[in-house]
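These protein sequence lines map, in sequence, to chains A and B.
Be aware that the first sequence starts at 1, since it is given in this note's numbering, and climbs by one per residue.
Be aware that the second sequence starts at 1, since it is given in this note's numbering, and climbs by one per residue.
Honestly, the hints are just simulated from the structure, not real lab data.
Check before you lean on any hint, since a few could be wrong.
As the list claims (entries may be wrong) - Ranges of calculated distance between the beta carbons of each label pair, as one might list FRET restraints: (1) A:Gly86 x B:Leu165: 42 to 48 angstroms; (2) B:Glu171 x A:Glu189: 44 to 50 angstroms; (3) B:Ser125 x A:Thr2: 53 to 59 angstroms; (4) A:Ala17 x B:Lys28: 53 to 59 angstroms; (5) B:Ile128 x A:Gly6: 35 to 41 angstroms; (6) A:Gly143 x B:Leu165: 21 to 27 angstroms; (7) A:Gly173 x B:Asp26: 37 to 43 angstroms; (8) A:Pro59 x B:Asp145: 41 to 47 angstroms; (9) A:Arg123 x B:Phe149: 38 to 44 angstroms; (10) B:His36 x A:Asp136: 48 to 54 angstroms; (11) B:Ser95 x A:Pro59: 55 to 61 angstroms; (12) A:Gly143 x B:Phe149: 51 to 57 angstroms; (13) A:Ala17 x B:Leu165: 33 to 39 angstroms; (14) A:Glu133 x B:Asp145: 34 to 40 angstroms.
Note that the structure is predicted; figures quoted are calculated from it, not measured.
Virtual Cβ for every residue (Gly too), placed ideally from N, Cα, C.
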Amino acid sequence: MTPPPGSLLAAEDLRKAYGPTLALDGAAFSIHPGEIVAVMGPSGSGKSTLLHCLAGIVPPDSGSITYAGRELATMSDVERSALRRGDFGFVFQFGQLVPELTCVENVALPLRLNGTSRKEAERAALGWLERLEVDDLGGKRPGEVSGGQGQRVAVARALVTGPRVLFADEPTGALDSLNGERVMELLTEAARSTDAAVVLVTHEARVAAYSDREIVVRDGRSRDMERAV
Amino acid sequence: MSIGHTLLGLLESGPRHGYDLKRAFDEKFGHDRPLHYGQVYSTMSRLLRNGLVEVDGIESGGGPERKRYAITDAGVTDVERWLASPEKPAEYLQSTLYTKVVLALLTHRDAADILDTQRAEHLRSMRILTDRKRRGDLADQLICDHALFHLEADLRWLELTAARLDRLRAEVAR
Chain A
1 MTPPPGSLLA AEDLRKAYGP TLALDGAAFS IHPGEIVAVM GPSGSGKSTL LHCLAGIVPP
61 DSGSITYAGR ELATMSDVER SALRRGDFGF VFQFGQLVPE LTCVENVALP LRLNGTSRKE
121 AERAALGWLE RLEVDDLGGK RPGEVSGGQG QRVAVARALV TGPRVLFADE PTGALDSLNG
181 ERVMELLTEA ARSTDAAVVL VTHEARVAAY SDREIVVRDG RSRDMERAV
Chain B
1 MSIGHTLLGL LESGPRHGYD LKRAFDEKFG HDRPLHYGQV YSTMSRLLRN GLVEVDGIES
61 GGGPERKRYA ITDAGVTDVE RWLASPEKPA EYLQSTLYTK VVLALLTHRD AADILDTQRA
121 EHLRSMRILT DRKRRGDLAD QLICDHALFH LEADLRWLEL TAARLDRLRA EVAR
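From just these sequences and the hints, can you work out the full model?
As structure tokens, this is what we get:
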């Protein structure tokens, strides 16, 4: 398959079944550097499976995924794992921070795992906590901060390695309107300032409105609305 | 929106000329739809006729005469009554979209396509509002939020209808 010109991450004709359930049935996707694309669709439509395939977490049964010109399927597990630690960042709905670590240690963790010294990693982590307006929480543990604050810490952790693609799966799903809005503002501002592409899985239209365009997944098939209209 | 009541409310803080009233209205409530001068003067004539405002003074300079209006006690009572009365919730029972979906099903067209196209159009509007909100002040944010929540309600209906299309198809075929 030839990915769309200029795309950073692209997928074509993805199929994935879990037992008798077909989660993806010919889904396609593409995103350019710096672009924010919302993946929308009802619960169970296959949008999270699409995200997991795109991020190399779950291999599709068939179809192709290309990142920066390379097929994910041709990469070794070690290479894919390195991709997820460096080029890709992740924000989920909840439960992603390590409860035993402080917020600054949580944000510094991906850098520490990549071999950065503690001092340097924590300095970078503090910088990101500041950008996400939660630098005063650096010494607290996740259990001591609110849901909205914890999610900002999670965004800081996702961006600390300077990923080229940020995968956000219902990033505001557990937050109230005001907190959700602020998280989306900070997330999109930070992503745009670093030219990171964002794959934003959401069923909420107000969250999708922060994207540049949307694709709709229904029954495992995707539809690119920009090209459709 | 009741322009008359809004202008009356603006007069409560003190007498103003028609031009000042228009400017205050546009600044606070006009946003995308500023008032025409004609609307201001016809509204003020009506309020004057009904005894809700009175002429507080007339300035005559080089141009046309400029009346300054002041709110009367009856005007204050009228504003109070208006503010205290709840607005009738819009029920949207005559939905064009519903009609389109049913017609599409009746004529064996792709109703899901209509819903998808509409969702894209709604999201386009929501993006513009979200962007405007991000740049705007608190007043702008509140106005955009009101519009965004209404669009979101439409979208929830679109999603629900998309999920029920098979049932609806069977029912309209009866």
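Verification of the hints:
1. A:Gly86 x B:Leu165: 42 to 48 angstroms: Given about 43 angstroms between the Cβ atoms, the range holds.
2. B:Glu171 x A:Glu189: 44 to 50 angstroms: holds, 47 angstroms
3. B:Ser125 x A:Thr2: 53 to 59 angstroms: violated, 34 angstroms
4. A:Ala17 x B:Lys28: 53 to 59 angstroms: The hint (53 to 59 angstroms, Cβ to Cβ) holds, given that alanine 17 of chain A and lysine 28 of chain B are roughly 58 angstroms apart.
5. B:Ile128 x A:Gly6: 35 to 41 angstroms: With Cβ atoms ~25 angstroms apart, the hint is violated.
6. A:Gly143 x B:Leu165: 21 to 27 angstroms: With Cβ atoms ~45 angstroms apart, the hint is violated.
7. A:Gly173 x B:Asp26: 37 to 43 angstroms: holds, 40 angstroms
8. A:Pro59 x B:Asp145: 41 to 47 angstroms: holds, 42 angstroms
9. A:Arg123 x B:Phe149: 38 to 44 angstroms: holds, 42 angstroms
10. B:His36 x A:Asp136: 48 to 54 angstroms: holds, 51 angstroms
11. B:Ser95 x A:Pro59: 55 to 61 angstroms: violated, 44 angstroms
12. A:Gly143 x B:Phe149: 51 to 57 angstroms: Since the Cβ atoms of glycine 143 of chain A and phenylalanine 149 of chain B sit about 33 angstroms apart, the hinted range of 51 to 57 angstroms is violated.
13. A:Ala17 x B:Leu165: 33 to 39 angstroms: Check failed, 24 angstroms falls outside 33 to 39 angstroms.
14. A:Glu133 x B:Asp145: 34 to 40 angstroms: Cβ of glutamate 133 of chain A to Cβ of aspartate 145 of chain B: about 21 angstroms, so the range 34 to 40 angstroms is violated.
Consistency note: the structure conflicts with the earlier hints numbered 3, 5, 6, 11, 12, 13 and 14.
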